[in-house]
Structures are given as structure tokens and as C-alpha cells.
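Number of protein chains: 2
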Amino acid sequence: MSNGKTLKKFISISFQISPSYFFLLVFQSIMETGQILVNVILPKYLVDELVGGRDKANLIRFGLYIVLANVAFLFFNKTMKRFMDVRNIYMKEKLNQAMADKIMKVEFACLEDPYYLDLKERAVFACRTMSALENLIGSVARVLKNAVTIISLLVVMFTLSPVFVLILVLTISISIIAQKLFSKYQLEIYQELIPINRRYGYYVGLAFEGKYQKDIRVYNMNRMLTDRVLDYSRQIYDWFKGFTKKQGLFQGFVGVINDLQAAIAYGYVGIRVISDKFGGKIGIGSFTMYVSAAISFTTSATDLGKNIMTVIQMLGYLQPFMEFMSLPDEAKREGSVPFEGAVESLRFENVSFHYPKSENYVLKGISFEIKKGEKISIVGLNGAGKSTIVKLLCRLYKPASGTIYINGRDIYEYEFSSYMKCLAAVFQDYKLFAFSILENIKGGEASEEDSIQRQRVENLLEQVGLKEKIAELKKGVDTLFGKQYDPEGIEMSGGQSQKVAIARALYKEASLIILDEPTSALDPLAEAEIYEHFNQLVGDKTAIYISHRMSSSVFCDKILVLDGGIIADFDSHKKLMEKEEGMYYKLFKSQAANYQV
Amino acid sequence: MSNGKTLKKFISISFQISPSYFFLLVFQSIMETGQILVNVILPKYLVDELVGGRDKANLIRFGLYIVLANVAFLFFNKTMKRFMDVRNIYMKEKLNQAMADKIMKVEFACLEDPYYLDLKERAVFACRTMSALENLIGSVARVLKNAVTIISLLVVMFTLSPVFVLILVLTISISIIAQKLFSKYQLEIYQELIPINRRYGYYVGLAFEGKYQKDIRVYNMNRMLTDRVLDYSRQIYDWFKGFTKKQGLFQGFVGVINDLQAAIAYGYVGIRVISDKFGGKIGIGSFTMYVSAAISFTTSATDLGKNIMTVIQMLGYLQPFMEFMSLPDEAKREGSVPFEGAVESLRFENVSFHYPKSENYVLKGISFEIKKGEKISIVGLNGAGKSTIVKLLCRLYKPASGTIYINGRDIYEYEFSSYMKCLAAVFQDYKLFAFSILENIKGGEASEEDSIQRQRVENLLEQVGLKEKIAELKKGVDTLFGKQYDPEGIEMSGGQSQKVAIARALYKEASLIILDEPTSALDPLAEAEIYEHFNQLVGDKTAIYISHRMSSSVFCDKILVLDGGIIADFDSHKKLMEKEEGMYYKLFKSQAANYQV
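Protein chains in written order, with UniProt numbering: chain A, 1 to 597; chain B, 1 to 597.
Hints may be right or wrong, so weigh each one.
Among the chain B residues that face chain A by a calculated CB cut under 7 Å, a handful are [as the list claims (entries may be wrong)]: (1) Val67; (2) Met221; (3) Val254; (4) Gly255; (5) Gly444; (6) Gln455; (7) Ser551.
Far from chain A, by Cβ distances over 12 Å, these chain B residues were calculated [claimed, not checked]: (8) Leu7; (9) Val148; (10) Leu170; (11) Ser173; (12) Ile274; (13) Val311; (14) Gly365; (15) Lys372; (16) Gly408; (17) Glu413; (18) Ser451; (19) Ala526.
Note that these hints are calculated values from the structure, not bench results. The structure presented is a predicted model; accordingly, all values stated were derived computationally and were not measured. Glycine included, C-beta positions come from ideal geometry on N, C-alpha and C.
The shape of chain A in the complex, shown without the other chains (with noise of 0.2 Å):
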């Protein structure tokens, strides 16, 4: 996206959030220009009086002038100010929150690829870090101010001299060129600079981490992070010596020309005061004027530079923002039957998945079908294709080719939200949220009354065998699932947190549920009796699991055995274990081998 399109995309953004945002900002730039002008053109008359008449009436009346009018600029350019500020504030959270919402519900396959969570990382760098949003509203009206002011002054020192103007237009155009060619530098000397933060950041950042910090001491990595935490430092600190050292020059050099521009316009309207050689001769308040007129362009010059590059840099750091933006929705992708009922068929036709950019095949033509009610195992080494079953099925992954069909339609054509009521999921890396635990665990279903979702959840509670531990807590289910930010919140074990998790997949009531690697942080009793409550937990309900534990394939009624992306069986337990030279026996056998009391 172009840097025209960007400020466009984000002008016509800004106006729907607020239409009357750009016209206070056009008026506030003619203001704070009034501003300027008044202490420009007001002081010559008080000059002129203090070095002719004296009059004390009008040293006075002139005097006042001046002070109200400063007065009343400045209480409206507050007053504006803080409008702007609290609108800024507006803007920003309204970004974050458009950010946050696109994130939430872009396909879920572009939050695995390697080149959209770039995009995603800058963008939230951008919104977050940056700014990016309140640098770009702050510079455009800064701009705005500056040309209005620019023009103003031109205005009043034409009334002294075209070549006067001319002069300091020239003068200014050095300054301006000589800044672009120096941000085209800074540009790109930055680049090499980034991967060397980034390096010297992230072993940085190691090093801050608690969690890295007993291998850090019982591996002895101390010294060998510092050494690169130091190499990089020392390249830094290498790159800014480099990079000042030219900044300075750089700035030597605007600050010359700026020297000269101040000398020009001194001796161009002193000369004037005592000679008439280049006009008619002016008095000293002119002279004041004149030379404050020519010193606020200078400066406005120069700041109309600054904000016109910050401006390109904040259209640079928005653009992946604009990018991620427009990003298509998952919801949005096909599909417009709403799912009812229930889950009566789940078949796999065919189906291969390999990820987007590369080509080994996850899945090589899978064919296979559940009916209503039935359990079913996954199994396999690791890497053979479990876990992508599960997120296909979840519309988190497309089929590259094939098609999963649910009560016989492709699950395409359903609509998402009502498709996604029909499944609950506990993925391997499941995650709860710093809601309460009641809250986790109805997630967004608010359907029913209040009391009997809790009546609901605590059943589920006693299920899991959690009833205990949450007896134990002054808010019960309302207490906050951990401490993030307050300390009255519950830190559970990883075992407990995965009941947590069950017991929310459970709540669902979907006719699907689907179990990653359900019981890997639980111990030996536990497991056992999640197992055993598991055919009562699930009930009448379709159920898929994963799990290395080969033990809890023996509840199931059929097995799907993996074996590299293909189906190497699909039979129950008791006929797989017929088949002594099968993936299946062999798995069992190894596990089981040690277990023979």
C-alpha cells in the first residue's frame, strides 16, 4: 500500500469515527497561526511608540493588547488542546480495540504463518508502542500549523520586500533538502541497525525472564548470554558512534544555515532601518517585526520538514496495521446454513493438509467416518497428524484437498458461529483467561439464567473433582482464575487448570467433544478417574481423543491409527491388538511392556 493510500485509508477511518475531528483541527491550526502573528505584528507598535512619541496612554493601550491577546489565544489553544487530547485518547483505544476485534476473528491459519504474525506483530508495535495513530493525527495537524503560519508570514514580509522572501525561501529550500537527503540516510542506516536490536533484545530479554532462569544456573549459560548480550551492545554502541558523528554534521550544518538566515534577515531589514538604497526606509518597531516575522518562518520552515517526515515514518509503521485490517474475517469465509441439531455423521473424504507455504503433507488423502455416539482414539507417533484432525475439524485449518462432511454437508457451508456451537475442544495448549472460573467455564454461551449456569457449573466441578478446591475459596466459582492483577486470584497446578478446561468443554453441550492430550499434567489417580467418569462425563456425545497414554485407547470403540499423515488403521482395540505386526500392537506393547504386575 502506497503512503497516498494509507493517509487516505486513515483519514477516511478517523471520519467515521469522528466527522467534526478534522475541521477542529484545520480551526485550531489557524488559531495557534493567530497566535503567532499577533506577537509578530503587535510588538512593532509599541516599539514604534517607545522610540517616537512615549505617549503613555498608548505604550499602555499597546502593552494591554499584547497581554489580552496572548491571554486569549492561549485559553483557547488550551481549551482545544485538551479537547484534542481527550479525542486522542478516543481514537487510540478505538484502534486498539479494531486491532483487537480483527485479531480475534481473521482465519485462524493466518495467526500460524509466519509472514502474517510479522505483519500482526508490527501492526500491534505500531498501535502499542509507537502510537503510530496519535504521532500521525498529532504531525498532520502540526503540518496543517506550520503551512497556514508559513503562508501568513510570507504574507507579512512581502508587505518589506519580494527579494527578502525570496531570499529566505532559498535560504530554507538548503535546509529542506539537506534534511530530506539526511532522513533518506537515517532510513537506511536504521535498517542495519534493526537486526542487531532485535538480537541484542532478545538475549536481553532472556535474560530478564524468570522462567529461563534454572537452566541459566545449572547449565552455567550465564556467561555465554552476557558474551552476546555484549557483542551486540558493542555493535550498537559501534553503529551510534557511526551515526552521530554523521547527525552531527548534519546538524552542524542546518544550524550554519539557520546562523545565515537569522544574519540575512538582520542585516537585510537593518540595512533597510538606515538606508533607502534596497526601498523606503523603515522604522525600528518594522525592524522588530520584520526580523521576528523572519525567525518564526525559519522556524516554521524547518518544523513543516520534521512533521512532513514523521508523517511518511508514521504512514510506514500504519501500513501493516491498514494491511492486517483488511485481512479476511474467518466468519466471513463461505458458509451460510445454519448448523441444527446434532452431530449424527462425521466423515473425512479424502482430505490432505499441508501448510500454506510449505509442501510437506501433513495429511495424505484421509478418508474415515464417526457416527453419532461413537469414541474414538487417535493414535500415532508424534508428528504423524493428530492434532491437525483436530483443527480442521474446528475450521481452524482448511483442507488443502477433500472434504469433511457433518450430517453429510461440507462443513464449509455451515455458518461459523452456529457451526462452531456443535464442538467443544480442550487442545493440547488449551488456555484459561483472567475471567473467573466461572466465567471460563461458560465462555460466551449466556443463554440460560443465571442460576442455573452456576448450578451447572459447580455440577461440573464436583465431576472433574474440583468441588474441593473451590469450596476452599472465600468467592468460590467467582474468584479470579490467576493473579495477573489480583491477588485474591486462584494460581491452579497445570492438573487442575486441565480440569478446568474439561469442565469447560463439557459445559458446552455441543454433541461433539473433541480431547487433546487431556490428562498430561494429571497423575496417576487422577488420570484413572477422569477415565473412569470419562464415558459419563461425555455421555450419549460423539468423542474424539488424543493421548500418548496408549491406555485410554482400550475405552474407545474404534482406534484411527496414524502413521505419517496416513490412516494405517481404523478398528477397535480388541482387532488392532490381533494384528501383531501393526503400528497400533507396537505402540501398546511399548507402554504396556513395563506395566505387567
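Given chain A, put chain B in place with the hints provided.
Okay, now just chain B, sitting in the frame of chain A:
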């Protein structure tokens, strides 16, 4: 720690890093004041000449003085600034390094205690986000500069009239008092904002985080999260509205006071031009000089107030840093006896442990002994205290009471780094680093020749079953672990990473090896393979295993059965299986039940 103490400590630290730094700061302040003075005093002569003699040679001479002086100051100040900028980068990095170093060396217990964790977070925040040190140095320098400028300008204005100075000082005092009151109000009102901001940040962060998106989609948490974000964002918005209102009033007041000061300056100096009521008449040149002195004085005084506030604020930010830096180091804690040879015996004697701020004992007076070469398994329910034993052995936690003896000596009597050489541990939540695979495995031990190291690493990789995987890589063992900043790095699955972590522990050639859930992420075949090779891998080392997979106990010489922080049993698998009422029997049976073919 008081602000004064923090400032003192900060100055002493800075002095250590670069003694010349502060002298340069003072010198810089004097020079910057010089520039202000030149621009206050020199124009007087120019204006006087313009109004009076209008001698061209004089005019050019004064004009030239002004320009040359400014160019000289510009050059000098820019050079100084450049020098200081580079120095600031240096100081900032040193601070980062000091912080990183401290975190890596501080007593581990501090990193699990919420109080110290919070302190660490605030210290890191000060270093990284606020650049507190940079800002502090900058502000201290500006305070210095302001002070020197103010004194010089007072001297200049004193030549006009002490009364004039008095009036200015009075009006300035009013705005400084207002500033101070407002700062106090601001500090208080910000306290209200902090918890809101923290929660807002937490929920926005959740929405931004990729790893939460699966659960957000499946459990329809989207709206719940958005509601939280909107709720907190409304609170922030309201807060800002209220705050900017007060701020507007304050700034308006200060603005009026500033205008009043300018009016007084212009008025008083103007009167001195036209009348001799308050002393001898002065010329227009002097008028210019005194007015610009008064205005510079006002600016500097306001600036001084602001900078002092910033210094206080930055000291506040730096306090957690200073406090964290003064925590005791792990290595310094007791012990100077170098650990030599192998672990011959290991004995826990009446060891108890509870977390510093808790009264619940995790371990209650446990005693047991392990002999050289024994393989011990620790089993028990979640929360029984298994991992705590590991952390105590690694000196990550210190017993609340009781003693751990290795080779007959309290482990805290040994010198830290030599002690850490005697053991290797694979933690449940082990971490690998963005170093090469080779570097990850050999860790900080680098006593051997490079080729021998490589050979050993490659042998170990073969033993843990990663030989083929590594052989596929272009750079082999020199491949970077992870893709954090190198697209050529390798992302490993949980199982593969765990194998690398096991290789790392074995590389260490420690005589005591501890494995906490070492195969939890491995599939049944990989698990069986690791177990099969364990005795071969571990050799004659003393070994402690923790695993929820009871089958791993079968390999062990003895099993330590923990139940609620006390030792329920400590015997061989065979003996323990004879006690049908025992915990171990129950645990083993519950898992074995489903493996009976």
C-alpha cells in the same frame, strides 16, 4: 530507599561507569548558558547602534559577533550533545547488562516470590520502557543548566534593579508552587489509573496474543473479551476527561501567570525607557536586553520546575532497580568449600520447605539417603512435593529447616559454581535458547577442545535419537535453535526439544542426574526408546527420575513415594508392589489396569 539516597547511589554508579561524565555535564551546562547570555546581551549593542549612531562598520561588527558567537556555541553544543548521546547509549546498555546479570545471579527464590517478581518487573520497566536512567541523566543535566542560566540572568537583571528581580522571582514562585501542587495531584490521580490501565492492557494483550485464539474461537470468548476491553477503555476515557479538565485549569493559570510576568517585564523596562521615576533612564538596546533576559529567566525557571519534577519521577522509577540490584546473589550465599570428585552419597535429613510468604509446608521433615550409582524414582500425586526436592537439590530453594548432605557435607557449604557442576537436571519446564544446537547442549562448560566437544555432542544426539533429524540440516549441529531472528533456525517439536534437553543434561558429565517428567511430550515408541537407553545413557551416574508414567519406576533401584509432603515409602518396585494397601501399589495399579492385554 529515599529519593536522596537513590540519587546518591545513582551518581556513584554513574561515576564508576564513567568518572569524566559528570564534569562534562557541568561544563556543558555552563556553555549552554553562555549561548543564552550572548543572545541576551549582544543584541543590545546592535539595537543601540541602530537607534543611535547607525555606524555601518559598528553594525556589521555587532551583527558578525552575534552570528559568530552563535555558530561557535552551536558547534560546541552539538558536539557535546553528540558525545553525550553516545555516552547515554553506553550508560543505558551498561544498566541493561547490570540488570540482566543480576537477574541471572540473584537468589532463585526471589524469582518465584510475587514481591520480588513485581520488583523485577518494575525494575525492567524502568530500564527498558522508561529509559529511566537516560531521562534522569538528561533531567539532571537540564536542572544544572537551568540553575546556571537563572543565576547568570539574575546577575544581568540585577544591574537594572533589585526590585525588578524581586517582582519576577515572586511571580515565578507562584507558578512553581502551582506546579508542585499540580504534580502532587497528578501523582495521586495517576494511582487511580494504574490498575485500570493494567487490566485494560491485560485484556487487550490477550486479544492480541496468537496462542489464545483457538480457545477464543471455540468457546466464543470474543464478545466477553471485547466487553472487558470496552469497559476498561471507557473508564480510562472518563479518567482522562476528568484529568485534562484539571490540567487545563492548571495550565491556564500558569499561562496567565507567565503572561503577567511578561507584561511586568515589558511594563517595568518600558517605564525605565521613558521615565526616570525608578532610576536612571535606559536606552532601547538595554530595553531589548532586559526584556529578553526577563523572558529567558521565566522560561528557565518554569523549565527548572519541570525538570526537578522529572528527576523526582525518574528516581521513583529507578528505586525498584536500585532495590533489586541490592538483593543478595546466589553464589555469594554461604559456602566456600570447592566441590571435588563425584557424588558419593546424598542424604536429606529432616528437610522441610515452605514458600517464604506461605505457612503451608510443601515438604515436612523428610529424610532419605541415596547411594552412589543408585537410580531413584520419585512418585506421588500432583502437589506431593516431587519437583520441590529437585529444586532443593539444585540449590534453587533453600530448606526452611533440616539439611541436605552430599558426601557428608551440607550442600550450602560448597562453593556455588563448583557445586553446580556435580549435577544436571532436565526440568519439567526446561528451556532451550536461541543458540546453536551445539551451544545449547554444551552449555557453559567449555573446558575441552572444540573437536572433542563436537564429537561428544554428536554421539549424544545419536543416543537420544536425533541423529537423522540433525543430519538433514544444512548446518548440522551449528543450526540455530528456533526461528526468533534467523529464518534458517530450526523449530523443533516438543518431543524433539525434550531430547535435546536430555542430551544437554548428559553432556554435563555430572555425577548426579535429575530428570523431571523427561518423556511427557514423547510418543510411546520414543518414550520406550529413551527408557531402554536410559541405563546406558546414564551409565553409573546417580539418577533421580520423576514421572507420572509409573512404568518408569520399574527400571529404578528404589522408589521414593511422596504423599502430601511426607515420605510414604522408600523401597524397590518389587517390595512396594507387595504392599497392596500402599500408595505406590494404588498408583501403579490404576495406570496398569488398562494395559493388561
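Going through the hints against the structure:
1. Val67: holds (5 Å)
2. Met221: holds (5 Å)
3. Val254: Where the cut-off is 7 Å and the nearest Cβ of chain A is about 10 Å from B/Val254, the hint is violated.
4. Gly255: The hint holds - B/Gly255 has a Cβ within 7 Å of chain A, the shortest such distance being about 4 Å.
5. Gly444: holds (3 Å)
6. Gln455: violated (20 Å)
7. Ser551: With a closest approach of 3 Å, the B/Ser551 hint holds.
8. Leu7: At about 25 Å from chain A, B/Leu7 clears the 12 Å cut-off, so the statement holds.
9. Val148: With a cut-off of 12 Å, B/Val148 remains clear of chain A, as the shortest Cβ separation is near 22 Å.
10. Leu170: The assertion about B/Leu170 holds, with a minimum of 18 Å to chain A.
11. Ser173: holds (20 Å)
12. Ile274: Nearest chain A Cβ is 5 Å from B/Ile274, so the label is violated.
13. Val311: Check passes; 25 Å lies beyond 12 Å.
14. Gly365: Its Cβ never comes within 12 Å of chain A, the nearest being 23 Å, so this holds.
15. Lys372: holds (21 Å)
16. Gly408: holds (23 Å)
17. Glu413: Since the minimum Cβ distance to chain A is about 18 Å, B/Glu413 lies beyond 12 Å and the statement holds.
18. Ser451: The claim holds: B/Ser451 sits with its nearest Cβ about 20 Å from chain A, beyond 12 Å.
19. Ala526: Contrary to the label, B/Ala526 does not stay out of reach of chain A, its closest Cβ about 7 Å off (not over 12 Å).
Consistency with the previously given hints fails for numbers 3, 6, 12 and 19, ordered from lowest to highest.
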